[in-house]
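*Asks:* Sequences listed follow chains A, B and C, in order. Note that full-length UniProt numbering has the first sequence beginning at 1, numbered continuously upward. Note that full-length UniProt numbering has the second sequence beginning at 1, numbered continuously upward. Note that full-length UniProt numbering has the third sequence beginning at 1, numbered continuously upward.
Calculated from the structure, these hints are not laboratory results. Since the model is a prediction, treat every value here as computed from it, not as a measurement. There may be inaccurate statements among the hints.
Stated by the list, open to error - Distance condition first, Cα-Cα at most 25 Å in a straight line; then the derived SDA-like pairs of lysine to any residue:
#1 B:Lys249 / B:Arg101
#2 C:Lys135 / B:Lys249
#3 C:Lys80 / B:Thr206
#4 C:Lys80 / B:Thr203
#5 C:Lys80 / A:Leu4
One letter stands for each residue in the lines below.
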Amino acid sequence: MERLGLGIAWTALIIVILFLLLPILVVIPVSFTEATVFRFPPEGFSLQWYQKIRNVDGLLGALWLSAQIAALATGLSLLLGTLCAIALVRGAVPGAAAITTFMVSPLMLPGLVLGIAFLQAMREVGLRDAWWSLLLAHVVITMPFVMRTVLGSLAMFDFAMVDAARTLGCSYPVALWRVLVPNILPGFVSGALFAFIASFDNYPVSMFLVDVRTKTLPIQLLNYLEISPDPTLAAVSTGLIGLTVLVLILCDRLVGLRRMASI
Amino acid sequence: MSATAIEAPALPAPRRRMDPLGLLALPGIAFLFVVFLLPLALLLWSSIRGGEGFTLAGYWRVLGDEYYRGVILASLQLGLVTTSGALLLGYPAAFALARARGGWQVLLFALVFLPLTVSIIVKSFGWGIVLRRDGILNWLMLNLGLIERPVRMIFTEGALYAGMINVFLPFMVLPIYSVVRMMDPRLPDAAATLGASPWFRFTRVTLPLSLPGVVAGVSLVFSLAVAAYVTPSLLMGDRYMTMSMVMAKAFLNLRDWQLGAAMAAVLLAVAAFVVVGASLLQRRLGGGR
Amino acid sequence: MAALRQAGHLTVAGAAKRFGAATVLDDLSIAVAKGEFVSLLGPSGCGKTTLLRCIAGLLRPDSGRITVAGRDITTLPAHKRNVGVVFQNYALFPHLTVAENIGFGLRAQGIRPAEAAPRIAEALALVRMSEHAGKPVTALSGGQQQRVAVARALVVRPSLLLLDEPFSALDRKLRETMQVELKHLLREVGITAIFVTHDQEEALVVSDRIAVMNAGRIEQLADPATLYGRPASLYVLDFVGQSTRLAGRVSAGGGGLVSVETALGPVRAPGAFAPGSRVVVAVRPEAVTPGAASPAEGLNRIEARVREVSFLGSRTQLHLDLPEEGEDRGVVELARLPEGIGPGSPVTLSFREEDTMLFPAA
Numbered sequence: 001m002e003r004l005g006l007g008i009a010w011t012a013l014i015i016v017i018l019f020l021l022l023p024i025l026v027v028i029p030v031s032f033t034e035a036t037v038f039r040f041p042p043e044g045f046s047l048q049w050y051q052k053i054r055n056v057d058g059l060l061g062a063l064w065l066s067a068q069i070a071a072l073a074t075g076l077s078l079l080l081g082t083l084c085a086i087a088l089v090r091g092a093v094p095g096a097a098a099i100t101t102f103m104v105s106p107l108m109l110p111g112l113v114l115g116i117a118f119l120q121a122m123r124e125v126g127l128r129d130a131w132w133s134l135l136l137a138h139v140v141i142t143m144p145f146v147m148r149t150v151l152g153s154l155a156m157f158d159f160a161m162v163d164a165a166r167t168l169g170c171s172y173p174v175a176l177w178r179v180l181v182p183n184i185l186p187g188f189v190s191g192a193l194f195a196f197i198a199s200f201d202n203y204p205v206s207m208f209l210v211d212v213r214t215k216t217l218p219i220q221l222l223n224y225l226e227i228s229p230d231p232t233l234a235a236v237s238t239g240l241i242g243l244t245v246l247v248l249i250l251c252d253r254l255v256g257l258r259r260m261a262s263i
Numbered sequence: 001m002s003a004t005a006i007e008a009p010a011l012p013a014p015r016r017r018m019d020p021l022g023l024l025a026l027p028g029i030a031f032l033f034v035v036f037l038l039p040l041a042l043l044l045w046s047s048i049r050g051g052e053g054f055t056l057a058g059y060w061r062v063l064g065d066e067y068y069r070g071v072i073l074a075s076l077q078l079g080l081v082t083t084s085g086a087l088l089l090g091y092p093a094a095f096a097l098a099r100a101r102g103g104w105q106v107l108l109f110a111l112v113f114l115p116l117t118v119s120i121i122v123k124s125f126g127w128g129i130v131l132r133r134d135g136i137l138n139w140l141m142l143n144l145g146l147i148e149r150p151v152r153m154i155f156t157e158g159a160l161y162a163g164m165i166n167v168f169l170p171f172m173v174l175p176i177y178s179v180v181r182m183m184d185p186r187l188p189d190a191a192a193t194l195g196a197s198p199w200f201r202f203t204r205v206t207l208p209l210s211l212p213g214v215v216a217g218v219s220l221v222f223s224l225a226v227a228a229y230v231t232p233s234l235l236m237g238d239r240y241m242t243m244s245m246v247m248a249k250a251f252l253n254l255r256d257w258q259l260g261a262a263m264a265a266v267l268l269a270v271a272a273f274v275v276v277g278a279s280l281l282q283r284r285l286g287g288g289r
Numbered sequence: 001m002a003a004l005r006q007a008g009h010l011t012v013a014g015a016a017k018r019f020g021a022a023t024v025l026d027d028l029s030i031a032v033a034k035g036e037f038v039s040l041l042g043p044s045g046c047g048k049t050t051l052l053r054c055i056a057g058l059l060r061p062d063s064g065r066i067t068v069a070g071r072d073i074t075t076l077p078a079h080k081r082n083v084g085v086v087f088q089n090y091a092l093f094p095h096l097t098v099a100e101n102i103g104f105g106l107r108a109q110g111i112r113p114a115e116a117a118p119r120i121a122e123a124l125a126l127v128r129m130s131e132h133a134g135k136p137v138t139a140l141s142g143g144q145q146q147r148v149a150v151a152r153a154l155v156v157r158p159s160l161l162l163l164d165e166p167f168s169a170l171d172r173k174l175r176e177t178m179q180v181e182l183k184h185l186l187r188e189v190g191i192t193a194i195f196v197t198h199d200q201e202e203a204l205v206v207s208d209r210i211a212v213m214n215a216g217r218i219e220q221l222a223d224p225a226t227l228y229g230r231p232a233s234l235y236v237l238d239f240v241g242q243s244t245r246l247a248g249r250v251s252a253g254g255g256g257l258v259s260v261e262t263a264l265g266p267v268r269a270p271g272a273f274a275p276g277s278r279v280v281v282a283v284r285p286e287a288v289t290p291g292a293a294s295p296a297e298g299l300n301r302i303e304a305r306v307r308e309v310s311f312l313g314s315r316t317q318l319h320l321d322l323p324e325e326g327e328d329r330g331v332v333e334l335a336r337l338p339e340g341i342g343p344g345s346p347v348t349l350s351f352r353e354e355d356t357m358l359f360p361a362a
């Protein structure tokens, strides 16, 4: 009976992993095909689709825009979020729990609702610039990730350590730098990486804010998928998957994957 | 992205008068107030704003029209099927993941975690390749002799459900995993020494103790699936309209803001119901510990 | 007691258990009489918890047989054994109240609520927890949690009660109270109980007999007085109580008495060792008398100089060396602090030959 239960559990886990990886892994062989349509099994081997990436209209531009927006939005959230987290942990702010819930609440809302609300507000105040709209909206998207991780590491940090460092001859700023920063850095790093990914992959908010010349990567990819699906898309996807794996390995080295997942 | 997104981290209780440091919270709060809360309020406001003042016409159209009621029901059904499927597969898998040892656990965990970070467009595109007439699944089944001719799978409801479960499954596995991993393995042992059979142990000890993870996973997957946009529109297109798709259409194509805003309000209400319900349930489950 | 002891209520015969390359139980056998309290005493990693888990059915030994009241339970799963366990840190079910925790076993065995209720009430009263019946177990103090754990294990009327470090989660003062209280309670119930502990004082307090374990074996199984007075090995001596130990070499022997050359002079002790053997001479603190007793038949005398005095309350340690020498020659444990002794003062210590124990050097 117990063995049966364990057997079911392990079978389920193997099925889950194969099932989850299937759509990701099929993309890779298709990107190396010689044929112009996706077919399974792929025929021959060529890198032609990777060479074509350069020629696809707007793809590199979209990649650059997404990276820009993700990096800037993450930076801004880190700044605002960290200040807010320090205030919540050290400032004895009245209603700290409610403020915390408010700061992480964009995470719980349907992305589309967020996008529509923002679009409408932008029109109301007459802000029609897609780049600025995207940046502001993406700060809202990334804020919860930063808040949760930074708040988590600050709440666990024992501020007596800063006092200890001061009695050992460090000035207050030096004590913060030598003791506080190394201790909350993992929270920072994992929060920032998650925020970056959340912004970089975002579709439902961005779709309302882009215009013809300013398109983020997910929007551009989906457009391309609808208009002219060919293995170029598989090549781009393979590149993105490779990038993700790289980032994950980096994260694991820096903070440990499991710690990241528990944010 | 987050596995247990619903609960905010616990803060130390305020113990003294507010510190000047507390003012550091203001820029962030002000930013979210202007860029997040105000637009949301504006959206809700526009759902009840007609040509001449207050009106419920938008809601009347959304809730009174058979077509839109059907869309709402279809979204709820999609959420329900996705959540049940993910729970059925994810619950036992989370157990195995939590019981795995050392290096294996890290590896298996990474494999469950990786798909979360891969773009949803890439995954949906991959599903297309899997399900195509000349895709991998048909190819496999043909070669195994299970079928004689390729079967049409893409643009079927089955394919949609499979795709949705595929996208949202990690959000079910990870919260259950983190609860099960923290569970004291001696509790089932203690039950056994008291004469509890394996089934009794599971239903009376293990299952109730894992419920907080299940509630977190179910609420997360359901609220994400009900609001899903990319996966249904890529795998089904207009054949399966969800609330999100109606909203997008109302705003982008029809320019019918009242309709879109009312639909958004309904979706928001569903999401709020799930979040509040889940946190009430969590509190009740947490009350015993 | 002695008559009961012959009938083994619980017997473990030749139990062995390996985890990979590590042998945790090494052909271990033990018999426990009905109504007896036995402690398994040893350092962590000696196999005591593994033995307990084997008896409870939570682990299966690689070989050997376990019987309770004549019934072979070696391959029986835990839930069919009727062996109660009080776990370390108690393993109370956090999602259930005090009464639900206690009633868990009755429910698991399919006993009707109407029948279970009076038994739960009785168990609650037995551990004096009646007024806490409806509380969540997480709201209880450590001592209260322990009582709930005991009641939960007893209410199903097990044929045997196993307790895994039951006092380790309590602070020192509470621990001493609970030891006596629990011993009294279990005696009243009349159950056979096995305690696992690494604390020798606890073992001495609660048990009729103590099994000192080492590397998966039982070094000695005896009542506390025998264990203290006549330890079977240097290991048992080290583990139970304090003692003065001096390494030495046998210089002469015969007639059941041997002479040993130690760093603090010659010592005679009962035993049979060939001359030249390396041995350890040991004597308990209360057997050592300070002061210049006149030389007498059957008395060992040590004359030395005090280097350092460590006062430990109920006993005193003297670090000794020999006159004209600066080297630490040994530590002597005394039950009483001799007056007027400090660093540098000469001291004479005497103890009877028959109180002197002799072990082969490790």
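*Asks:* Determine for every hint whether it applies to the structure shown.
*Replies:* So, going through the hints one by one against the coordinates:
no. : hint                : result
1   : B:Lys249 / B:Arg101 : violated (49 Å)
2   : C:Lys135 / B:Lys249 : violated (55 Å)
3   : C:Lys80 / B:Thr206  : holds (19 Å)
4   : C:Lys80 / B:Thr203  : holds (18 Å)
5   : C:Lys80 / A:Leu4    : holds (19 Å)
The structure fails to meet hints 1 and 2 from the earlier list, while all remaining hints are met.
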